[in-house]
Amino acid sequence: MASAPDNAPMHLHATHPGQVPDYIARPIMRVENVDVYYGDFRAVTEVNLEFGLHEITALIGPSGCGKSTLLRSLNRMNDLIDGARVDGEILFHGENIYSKGVDPIEVRRRIGMVFQKPNPFPKSIYDNIAYGPRVTGMKVESMDDLVEESLTRAALWDEVKDKLKQSAIGLSGGQQQRLCIARAISVRPDVILMDEPCASLDPIATMRIEDLMQELREQYTIVIVTHNMQQAARVADRTAFFTAQVSEGTGARTGVLVEYGTTTQIFEDPNDQRTEDYISGRFG
Amino acid sequence: MLANTTASDTEATTTASTGGPTTPSGRPPRSSLAGRARPGEAVIKLVLRLAAAVAVLTTIGIVIALLVPAIGFFREVQVFDFLFGDRWAPRFADASFGVIPLVTATLWTTAIALLVAVPLGLGAAIFLSEYARPRVRNTLKPILELLAGIPTVVYGLFALQFIQTTVFREWLRLDTGAFSVLAAGLVMGVMIIPTVASISEDAMSAVPMSLRQGSFALGANRMQTSLRVVFPAALSGVMAAVVLGISRAVGETMIVAIAAGSQARIVTGPLEQGQTMTGFIANAALGDSRVGSLEYDTLYAVGLLLFLITLIVNFISIRLVRRFRQAY
Numbered sequence: 001m002a003s004a005p006d007n008a009p010m011h012l013h014a015t016h017p018g019q020v021p022d023y024i025a026r027p028i029m030r031v032e033n034v035d036v037y038y039g040d041f042r043a044v045t046e047v048n049l050e051f052g053l054h055e056i057t058a059l060i061g062p063s064g065c066g067k068s069t070l071l072r073s074l075n076r077m078n079d080l081i082d083g084a085r086v087d088g089e090i091l092f093h094g095e096n097i098y099s100k101g102v103d104p105i106e107v108r109r110r111i112g113m114v115f116q117k118p119n120p121f122p123k124s125i126y127d128n129i130a131y132g133p134r135v136t137g138m139k140v141e142s143m144d145d146l147v148e149e150s151l152t153r154a155a156l157w158d159e160v161k162d163k164l165k166q167s168a169i170g171l172s173g174g175q176q177q178r179l180c181i182a183r184a185i186s187v188r189p190d191v192i193l194m195d196e197p198c199a200s201l202d203p204i205a206t207m208r209i210e211d212l213m214q215e216l217r218e219q220y221t222i223v224i225v226t227h228n229m230q231q232a233a234r235v236a237d238r239t240a241f242f243t244a245q246v247s248e249g250t251g252a253r254t255g256v257l258v259e260y261g262t263t264t265q266i267f268e269d270p271n272d273q274r275t276e277d278y279i280s281g282r283f284g
Numbered sequence: 001m002l003a004n005t006t007a008s009d010t011e012a013t014t015t016a017s018t019g020g021p022t023t024p025s026g027r028p029p030r031s032s033l034a035g036r037a038r039p040g041e042a043v044i045k046l047v048l049r050l051a052a053a054v055a056v057l058t059t060i061g062i063v064i065a066l067l068v069p070a071i072g073f074f075r076e077v078q079v080f081d082f083l084f085g086d087r088w089a090p091r092f093a094d095a096s097f098g099v100i101p102l103v104t105a106t107l108w109t110t111a112i113a114l115l116v117a118v119p120l121g122l123g124a125a126i127f128l129s130e131y132a133r134p135r136v137r138n139t140l141k142p143i144l145e146l147l148a149g150i151p152t153v154v155y156g157l158f159a160l161q162f163i164q165t166t167v168f169r170e171w172l173r174l175d176t177g178a179f180s181v182l183a184a185g186l187v188m189g190v191m192i193i194p195t196v197a198s199i200s201e202d203a204m205s206a207v208p209m210s211l212r213q214g215s216f217a218l219g220a221n222r223m224q225t226s227l228r229v230v231f232p233a234a235l236s237g238v239m240a241a242v243v244l245g246i247s248r249a250v251g252e253t254m255i256v257a258i259a260a261g262s263q264a265r266i267v268t269g270p271l272e273q274g275q276t277m278t279g280f281i282a283n284a285a286l287g288d289s290r291v292g293s294l295e296y297d298t299l300y301a302v303g304l305l306l307f308l309i310t311l312i313v314n315f316i317s318i319r320l321v322r323r324f325r326q327a328y
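If you're matching them up, the sequences are chains A and B in order.
Position one of the first sequence corresponds to residue 1 (the numbering used here), numbered consecutively onward.
Position one of the second sequence corresponds to residue 1 (the numbering used here), numbered consecutively onward.
Since the hints were derived computationally from the structure, they do not count as laboratory data.
In this text, a Cβ means the ideal position worked out from N, Cα and C, and glycines have one as well.
Heads up, a few of these hints could be off.
No farther apart than 25 Å at their CA atoms in a straight line, the calculated lysine to any residue pairs in the SDA-like style are these [to be verified]:
| hint | chain 1 | residue 1 | chain 2 | residue 2 |
| --- | --- | --- | --- | --- |
| 1 | A | 123 | B | 221 |
| 2 | A | 117 | B | 208 |
| 3 | A | 123 | B | 208 |
| 4 | A | 123 | B | 317 |
| 5 | A | 123 | A | 145 |
| 6 | A | 165 | B | 319 |
Examples of chain B residues lying across from chain A (beta carbon under 10 Å, computed) [what the hints assert, rightly or not]:
| hint | residue |
| --- | --- |
| 7 | 206 |
| 8 | 209 |
| 9 | 315 |
Next comes chain A alone, as it looks inside the complex (with noise of 0.2 Å):
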């Protein structure tokens, strides 16, 4: 998948957005063969997967098959958990991010999240988008520019350029997503993780996102976990199809990495049994 052959063929459907060639050109991250365990429980296994620059990429599967716990591996938010740990190797611009010596706080600057739930700080909308170039120490001429530019890029100026001073637990659940997407491109990451992050929005609110996610990817990474195909569909270029596998001797659920492909592939000529009952609604 990640070599180019030079006259690869090219998908292109007029109303997707991601017309993508089925091989990465430039691929950003790289999972090698990678377990993520909780304990002795081991919640996904042998995953290998590329992230191509300025691409999505979406994640789905049915509950309990690890794409989110995958996708909070890619950060290294999984370290925060007691008992969390990957083997394998999560390679970013070609470095193990695991591997010793790596700051994780580095890490997370360099690969921002955007979680289920919007979880704004409880401090003004201002200081939730300063908030983050602040802490990491980021070198910055003016910052009432840089929460300009990123409520701007968020799609959120508009609507808060005279109330930056009110508190964010202020704004409607789909505003607080994008200032929560503001505030994590403030610190310019070079990828963005979403966890499912229109799960708690409206129809309208999950429509801004989407058109949202589709600028970002001018100039970030996306990856996205969500339980919604439609949405897979709409907005990724590329998607990862997980299941659970259940273990015979132990009953154990593991969530494994089925098919990866682009978008179109998957959802009009899926490869795998599996993957063609869950996109038609058979399973899940």
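Fit chain B to the supplied structure of chain A, relying on the hints for placement.
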């Protein structure tokens, strides 16, 4: 009160007991939304209301009990002379009722106690809530709370015998007498640590995990997350802990009665002895002042002042919390 309870009973209805097709007597079924008398509920409500009323009435009673003798006192002594006089000598022939000496001693012991209890208490709270693993926290917190269970008379003896006599006079050879506000204040601070730590820890633990995750995901470290996100979000609880600490320090009696001294003179340094407001009340209440005498009323005037001071501290803190709190 009873009429009130039955009225509100009809609003809330359970569906469990209603809605059967017919009643045993064969009458047509009642509407499934109809109310039903629940006498147990009314009794419980009454008991709970009584419990609340007792607490409120007791407080009012205390205020009245303080006010009546205190009014007697202020018939004899000008309020101004009491509040701003700098000589406290209620038992002397030329009696003088300036409360400033007592207030200075209370301020000294309270300030010293807070200098010990607030940093250490908040430090302990941040450690327990943000750094300690669950097992460590579950072991350390009960031990810390044990400190709060030590009788204050034991703290008082410790302050007098060990801190003042052994440490200050024998080891450090400080220029101090048999008592000092410093010894009393330091030990009082230690006594208050569990109060401050435990309540602040509760407040910080209650801050949602998602806020910490949001902070870590931006590249903040644990200290930044604790101090800039968790602490401000828990501020109202933390302030409540500090205010409770202040109230305990101002009102603490045994430690200061034993270790701070018993001469009412204006305190100008931490190594001086001094009688606090509570110390005076404890000493004088042991004496044989006749009910209704001016000396007897003096106790209540000082008591009323103590009460007002804690009340003002509470009011100020509520204001501060309203202004600075970050509600999540």
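We went through each hint and held it up to the structure:
At most 25 Å may separate the alpha-carbon atoms for a hinted pair to count; residue 123(A) and residue 221(B) meet this at roughly 18 Å. For the suggested pair residue 117(A) and residue 208(B), the alpha carbons sit about 12 Å apart, so the restraint of at most 25 Å is met. This hinted pair checks out: residue 123(A) and residue 208(B) have alpha carbons roughly 14 Å apart, not beyond 25 Å. With a CA separation close to 20 Å, the supplied pair residue 123(A) and residue 317(B) stays within the 25 Å bound.
Proposed proximity of residue 123(A) and residue 145(A) is supported: the alpha carbons are some 19 Å apart, at most 25 Å. Note on residue 165(A) and residue 319(B): the hinted pairing holds, with a Cα-Cα distance of about 20 Å set against a maximum of 25 Å. Of the supplied interface hints, the one on residue 206(B) is violated, with its beta-carbon coming no nearer than about 13 Å to a beta-carbon of chain A, more than 10 Å. Interface hint at residue 209(B): satisfied, since its Cβ lies 9 Å from the closest Cβ of chain A, which is below the 10 Å cut-off.
A hinted interface residue such as residue 315(B) counts as satisfied when its beta carbon comes closer than 10 Å to some beta carbon of chain A; here the least separation is about 24 Å, so the hint is violated.
Going through the hint list in order, the structure does not satisfy hints 7, 9.
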